[in-house]
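Each chain is listed here by its residues.
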Amino acid sequence: MSGDMQRPILSVQGLTTVLARSGATILEDISFSLTPGEVLGVVGESGSGKSMLALSIMGLLPNVVRRSRGIVSLDGDELTAQSPDHWREKRGRDLAMIFQEPMTALNPVMRVGNQIAEVLRRRRGLSGYEASKEALNLLRLVEIPSPEKRISAYPYELSGGMRQRVMIAIALAADPKVLIADEPTTALDVTVQAQILDLLRKLRRDRGLSLLFITHDLGVIAEIADRVMVLYAGRVAEIAPVRSIFDDPQHPYTQALLASIPDMKGPRGRLVTIEGSVPAIGGMLEACRFSPRCPFRRDICEWERPHLGVVSGQQAAACFRPFGYEQPLEAVI
Amino acid sequence: MTREIAIEARGLTKVFGGRGSVFGRQTGGARAVDGVDLIVRSGETLGLVGESGCGKSTTGRLLLRLIEPTAGSVAFNGRDLTELTKAELRRSRGKMQIIFQDPYGSLNPRMTVGDAISEAYVIHRIGDRASRAKSVLEMLDLVGLPRSAASLYPHEFSGGQRQRVGIARALALRPSFVVCDEAVSALDVSVQAQIINLLQDLQRELNLTYLFISHNLSVVRHISDRVAVMYLGRIVEVAEADHLFADPAHPYTQALLSAIPPSHPDEPRHRHELVGDLPSAHDIPVGCRFAPRCPFVQDRCRATDPQLSPLPDGRFVACHRAADGSLPTYRLNS
Numbered sequence: 001m002s003g004d005m006q007r008p009i010l011s012v013q014g015l016t017t018v019l020a021r022s023g024a025t026i027l028e029d030i031s032f033s034l035t036p037g038e039v040l041g042v043v044g045e046s047g048s049g050k051s052m053l054a055l056s057i058m059g060l061l062p063n064v065v066r067r068s069r070g071i072v073s074l075d076g077d078e079l080t081a082q083s084p085d086h087w088r089e090k091r092g093r094d095l096a097m098i099f100q101e102p103m104t105a106l107n108p109v110m111r112v113g114n115q116i117a118e119v120l121r122r123r124r125g126l127s128g129y130e131a132s133k134e135a136l137n138l139l140r141l142v143e144i145p146s147p148e149k150r151i152s153a154y155p156y157e158l159s160g161g162m163r164q165r166v167m168i169a170i171a172l173a174a175d176p177k178v179l180i181a182d183e184p185t186t187a188l189d190v191t192v193q194a195q196i197l198d199l200l201r202k203l204r205r206d207r208g209l210s211l212l213f214i215t216h217d218l219g220v221i222a223e224i225a226d227r228v229m230v231l232y233a234g235r236v237a238e239i240a241p242v243r244s245i246f247d248d249p250q251h252p253y254t255q256a257l258l259a260s261i262p263d264m265k266g267p268r269g270r271l272v273t274i275e276g277s278v279p280a281i282g283g284m285l286e287a288c289r290f291s292p293r294c295p296f297r298r299d300i301c302e303w304e305r306p307h308l309g310v311v312s313g314q315q316a317a318a319c320f321r322p323f324g325y326e327q328p329l330e331a332v333i
Numbered sequence: 334m335t336r337e338i339a340i341e342a343r344g345l346t347k348v349f350g351g352r353g354s355v356f357g358r359q360t361g362g363a364r365a366v367d368g369v370d371l372i373v374r375s376g377e378t379l380g381l382v383g384e385s386g387c388g389k390s391t392t393g394r395l396l397l398r399l400i401e402p403t404a405g406s407v408a409f410n411g412r413d414l415t416e417l418t419k420a421e422l423r424r425s426r427g428k429m430q431i432i433f434q435d436p437y438g439s440l441n442p443r444m445t446v447g448d449a450i451s452e453a454y455v456i457h458r459i460g461d462r463a464s465r466a467k468s469v470l471e472m473l474d475l476v477g478l479p480r481s482a483a484s485l486y487p488h489e490f491s492g493g494q495r496q497r498v499g500i501a502r503a504l505a506l507r508p509s510f511v512v513c514d515e516a517v518s519a520l521d522v523s524v525q526a527q528i529i530n531l532l533q534d535l536q537r538e539l540n541l542t543y544l545f546i547s548h549n550l551s552v553v554r555h556i557s558d559r560v561a562v563m564y565l566g567r568i569v570e571v572a573e574a575d576h577l578f579a580d581p582a583h584p585y586t587q588a589l590l591s592a593i594p595p596s597h598p599d600e601p602r603h604r605h606e607l608v609g610d611l612p613s614a615h616d617i618p619v620g621c622r623f624a625p626r627c628p629f630v631q632d633r634c635r636a637t638d639p640q641l642s643p644l645p646d647g648r649f650v651a652c653h654r655a656a657d658g659s660l661p662t663y664r665l666n667s
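Residue numbers (my numbering), protein chains in the order written: chain A, 1 to 333; chain B, 334 to 667.
Treat the hints as calculated values from the structure; they're not laboratory data.
Keep in mind that the hints are not guaranteed to be accurate.
Distance windows between CB atoms, simulated [claimed, not checked]:
| hint | chain 1 | residue 1 | chain 2 | residue 2 | range |
| --- | --- | --- | --- | --- | --- |
| 1 | A | D85 | B | G350 | 45 to 53 Å |
| 2 | B | L644 | A | D175 | 47 to 55 Å |
| 3 | A | S152 | B | G350 | 21 to 29 Å |
| 4 | B | E471 | A | D248 | 39 to 47 Å |
| 5 | A | A259 | B | E471 | 25 to 33 Å |
| 6 | B | G344 | A | D198 | 47 to 55 Å |
| 7 | A | V64 | B | L644 | 56 to 64 Å |
| 8 | B | V608 | A | G76 | 39 to 47 Å |
Just so it is clear, CB atoms sit at the ideal spot from N, CA and C, and this is done for glycine as well.
The whole structure should be built from the sequences, with the hints applied where relevant.
Laid out in structure tokens, this is it:
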């Protein structure tokens, strides 16, 4: 966003993806940037398009989905303007991703050390000996206990948390600039989740790693993100520094999301609910997509699509309400 | 607490896979649930928390006798379920039900919602066609679904609506005790709140008793009157919900609660980090099963297994040091 002088490491402009066959939009006009060493949290419920966003940036969209518009640039290199081979090269080296369920992403019949070494040989050109030495270092880096023993383990011999650590080691093997983490702690127990979040924080601090952290859990966001982008039904609802999101959310959806989480302290009143459910792909409105569920909707909300407008400083929301129910100037992001 | 006891489990044990011996202790199997004593009072919600593999779901199924215990007993309204005959058990089934996590998995995709709900009446031979159809509509009203839902198939509903169907099914026979096994865990937060409110409304209206099993600690705090914490097949702490969350007594509860992500970025953290992984249920440590990971461990913890026993303030804790007050103090929100 403006105000930040640092050159973004990752920049996404006007990204729009559609179902190849029907043309129904999945993501619409997504723009944001990530500065070096920053953690941008992406929050959304099912159907918000948050996982599709990750795949779009990785250049790994499934065949049924197509990018119809938009630019993805990594460190000034416009990936969307170049060949798929170039993108693949970048994906191996500068862009890495970890997933919710490491068991499905790891090769079940290959020792974890070899899986890490494979990346080291192919992406960093290390010899077999160097690669296995470096694989051990990476297992140490991700704090796997007794790495000398675990290096020759198969994925099924490891716990869920340990597998996610191996996934992180593989992702870090090529020394990426940007790590995309798609719900990396959702399948883990809360004590293990806390350990993995600690590890990711440490990697960000020590190696200046930039992180795009996708989750549905606002607690995890509070713990790790610098800024937050809230997605609703394929559009950006709000983007702001993490404290603004928690202290002064501007979009009614962000407000409702925060209010519907049971509190860990204080009195236990009735939970605030958002009526209805997330619209299905293909059934999306052109006007404000949250309007059918919004307690503050007025006529304009049902007629027009709100632009993402700057509310103050680094906070922008796609909602007419903060702007006196008028169309805001489109934020330059 | 003067409410009647709805469910009482004594020494409930389930060993998977091992070979049993006629005399005492089994060997070889996974001791998923290992000597659980638990009371659920009529009309209350007892939260049951713990990490994956701790035995909380198995406990829920044992209480309903959906699986047979290896040892121990369960009494429902004073009658020992483990001694009932098949016919008697079937009759009591109507009074005790379960709501599962995944409504996709628990509903037959080729059965309309109306048929899915009335299946319970058919199996229990209640009413005729007309009265069953009427009951189905009543159930749909009860869970906040339109009556037109009766002729639709599960795939025509959203996740939240499907869970309402799951609840309607579970309540069709008007049970008094319901096990909610991760009943809201698969739902989006905005929908989760609707279902939690519904479960609470239904509890009040129908005087239901809930065992609410979940790994989501903020949901458990919200909905429970009391909370039991499980670790490796054992209950390690039982207390009033507010008490447990504000001032956990067992070192495992402390570690568990301190790992919950904050509700605000500036919230101070006091993390009790757990070292190592959960031991296998095949290879349970001698003495206190939390001892290998406990920051406050003493020699006696490795030697003798602490029993769940009352503290002066009314809680129950299975910890030698909590019992004699020698644990360093800990407060979640200090």
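Distance restraint hint 39 to 47 Å, applied to the beta-carbon atoms of B:E471 and A:D248: Because 45 Å falls inside the window, the suggested range holds.
Holds or violated: the 45 to 53 Å window for the beta-carbon distance between A:D85 and B:G350? 51 Å, holds
Check the following: the C-beta atoms of A:A259 and B:E471 are separated by a distance inside 25 to 33 Å. Holds - the Cβ-Cβ distance for A:A259 and B:E471, about 32 Å, lies within 25 to 33 Å.
Should the hint that A:S152 and B:G350 are 21 to 29 Å apart at their CB atoms be regarded as holding? 27 Å, holds
Starting from the hint 56 to 64 Å, judge whether the C-beta atoms of A:V64 and B:L644 obey it. Taking Cβ atoms as reference, A:V64 and B:L644 lie about 59 Å apart, which means the hint holds.
Hint says 47 to 55 Å; check whether the CB-CB distance for B:G344 and A:D198 agrees. 39 Å, violated
Is the distance from the Cβ of B:V608 to the Cβ of A:G76 consistent with 39 to 47 Å? Given a distance of about 43 Å, which is inside 39 to 47 Å, the answer is holds.
Honestly, do B:L644 and A:D175 meet the 47 to 55 Å range at C-beta? 52 Å, holds
Against the hints set out earlier in the document, a violation occurs for number 6 only.
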